[in-house]
Amino acid sequence: MNALHPAPVGARHIIGPFLPGVIHGALAQAMPEKVLAQGADSLWNTQITGEREDGEPFTYVFFSGGGMGARKDGDGLSATAFPSGIRGVPAEVIENISPVVMHKRELRPDSEGAGRHRGGFGQEMELGVRGDSPWALSAMYDRTRCPTKGIQGGSPGGAGAVRIADGEALHPKRQQCIPAGERVLLDLPGGGGFGDESERDPAQVVRDVTDGLVSVERAREVYNVTLTRDREGNYVVGEEETARLRGAGHEGQASSREQD
Amino acid sequence: MHSSERYRAGIDIGGTFTDLVLIEDESGERAVGKTLTTPEDPSGAVQEGLVELLEREGLEASGLETIIHGTTLVTNALIERKGAATALLTTEDFRDAVAIGTEHRYDMYDIFIEKPSSPSGSPPQRGAS
Numbered sequence: 000m001n002a003l004h005p006a007p008v009g010a011r012h013i014i015g016p017f018l019p020g021v022i023h024g025a026l027a028q029a030m031p032e033k034v035l036a037q038g039a040d041s042l043w044n045t046q047i048t049g050e051r052e053d054g055e056p057f058t059y060v061f062f063s064g065g066g067m068g069a070r071k072d073g074d075g076l077s078a079t080a081f082p083s084g085i086r087g088v089p090a091e092v093i094e095n096i097s098p099v100v101m102h103k104r105e106l107r108p109d110s111e112g113a114g115r116h117r118g119g120f121g122q123e124m125e126l127g128v129r130g131d132s133p134w135a136l137s138a139m140y141d142r143t144r145c146p147t148k149g150i151q152g153g154s155p156g157g158a159g160a161v162r163i164a165d166g167e168a169l170h171p172k173r174q175q176c177i178p179a180g181e182r183v184l185l186d187l188p189g190g191g192g193f194g195d196e197s198e199r200d201p202a203q204v205v206r207d208v209t210d211g212l213v214s215v216e217r218a219r220e221v222y223n224v225t226l227t228r229d230r231e232g233n234y235v236v237g238e239e240e241t242a243r244l245r246g247a248g249h250e251g252q253a254s255s256r257e258q259d
Numbered sequence: 000m001h002s003s004e005r006y007r008a009g010i011d012i013g014g015t016f017t018d019l020v021l022i023e024d025e026s027g028e029r030a031v032g033k034t035l036t037t038p039e040d041p042s043g044a045v046q047e048g049l050v051e052l053l054e055r056e057g058l059e060a061s062g063l064e065t066i067i068h069g070t071t072l073v074t075n076a077l078i079e080r081k082g083a084a085t086a087l088l089t090t091e092d093f094r095d096a097v098a099i100g101t102e103h104r105y106d107m108y109d110i111f112i113e114k115p116s117s118p119s120g121s122p123p124q125r126g127a128s
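Those protein sequences? They're chains E and A, same order as listed.
Position 157 of the first sequence, counted from 1, bears residue number 156 in numbering that gives the first Met the number 0, the numbering being contiguous throughout.
Position 61 of the second sequence, counted from 1, bears residue number 60 in numbering that gives the first Met the number 0, the numbering being contiguous throughout.
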């Protein structure tokens with residue numbers, strides 16, 4: 000944060016952006032309604048070095064954001080950097096000016112920190128490089144081991160992950176050689192939740208499931224909302240079962256508090 | 000306006016009013032008209048307003064060389080999320096291209112901003128893959 004010469008420094012996009020989240024976390028103890036739950040914070044900067052198909056060397060870097068933290072009055076923003084004010088680069092632009100190919104880029108399902116208001120979803124990307132040469136990925140990613148925290152009883156978001164398409168884990172902060180033709184998968188972290196997830200409006204859970212962003216299983220296990228489909232195939236809340244699950248949850252909490 | 004000259008019409012079909020301008024190129028002389036937009040068929044107000052304006056100026060429609068029109072109706076429909084049900088078709092594995100956008104916060108220092116919903120659904124609904 001305050002390195003003095005000649006201390007070696009690097010990747011300031013990782014360290015610096017953690018600071019506002021720490022301050023928000025401190026303020027949350029006194030004024031939770033005025034702060035955000037933790038978000039991905041540090042940027043996910045992808046730097047790729049390799050050879051173009053004509054043998055010319057290239058290097059390309061693009062910035063991406065995970066999910067933002069939730070707040071008292073609403074969900075966290077998905078795939079939006081905070082506190083940094085970056086702009087992401089569309090796949091079409093990346094592919095036009097570099098040999099990098101984006102094979103997938105969508106919001107990352109089930110990565111949101113659950114809560115009365117949920118954190119923003121992270122992103123999932125699958126990328127490679129055109130041509131027959133190996134390439135180097137300079138990974139500079141964080142929140143792979145320490146996921147975002149929720150506040151006021153909200154849950155942590157999904158931790159980040161970096162791996163080769165076949166499943167082999169890559170180091171989140173190291174330059175690594177990727178074999179020709181291989182693809183890399185990036186899972187960007189989700190934001191932390193705000194408030195108890197069993198208090199989330201079931202209609203909002205239905206919306207996230209309909210959007211394909213929260214699984215039916217997660218809706219039931221985490222949010223205590225059971226979903227069924229109506230005649231037209233739309234998801235609807237299983238009112239009785241949901242009331243039972245949520246009622247049981249609250250009674251359980253009440254009795255555990257009494258025991259304390 | 001002199002009826003012997005050639006002239007052009009510019010028409011703006013707004014959400015409430017349809018505004019018309021006639022311009023006579025040689026002299027630069029201008030005349031304006033205004034009528035209520037007819038949302039059920041926007042061409043109604045255009046025709047009505049133009050006929051009215053030509054009559055008022057004592058001009059023949061045959062002297063019109065060019066009619067240019069623009070409309071905010073489409074923009075309004077997008078902003079108000081009105082109109083026909085729409086769907087956004089994307090390349091597989093890029094369903095959230097619009098939702099992700101440029102990942103940008105439009106106000107750097109307001110931590111509570113809301114992003115607008117997608118025009119293809121409010122909120123954007125991802126179809127099953």
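Honestly, I wouldn't trust all of these hints.
Stated by the list, open to error - Computed cross-link-like contacts, DSBU-like style, restricted to lysine-lysine with a CA-CA straight-line distance of at most 30 angstroms:
#	chain 1	residue 1	chain 2	residue 2
1	E	Lys71	E	Lys148
2	E	Lys33	E	Lys148
3	E	Lys33	E	Lys103
4	E	Lys172	E	Lys148
5	E	Lys33	E	Lys71
6	A	Lys81	A	Lys114
7	E	Lys33	A	Lys114
8	A	Lys114	E	Lys71
9	E	Lys148	A	Lys114
10	A	Lys81	A	Lys33
11	E	Lys103	A	Lys114
12	E	Lys172	E	Lys71
For the record, the hints were derived by calculation from the structure and aren't laboratory data.
**Violated hints, by number in ascending order, as checked against the structure** = 3 and 12
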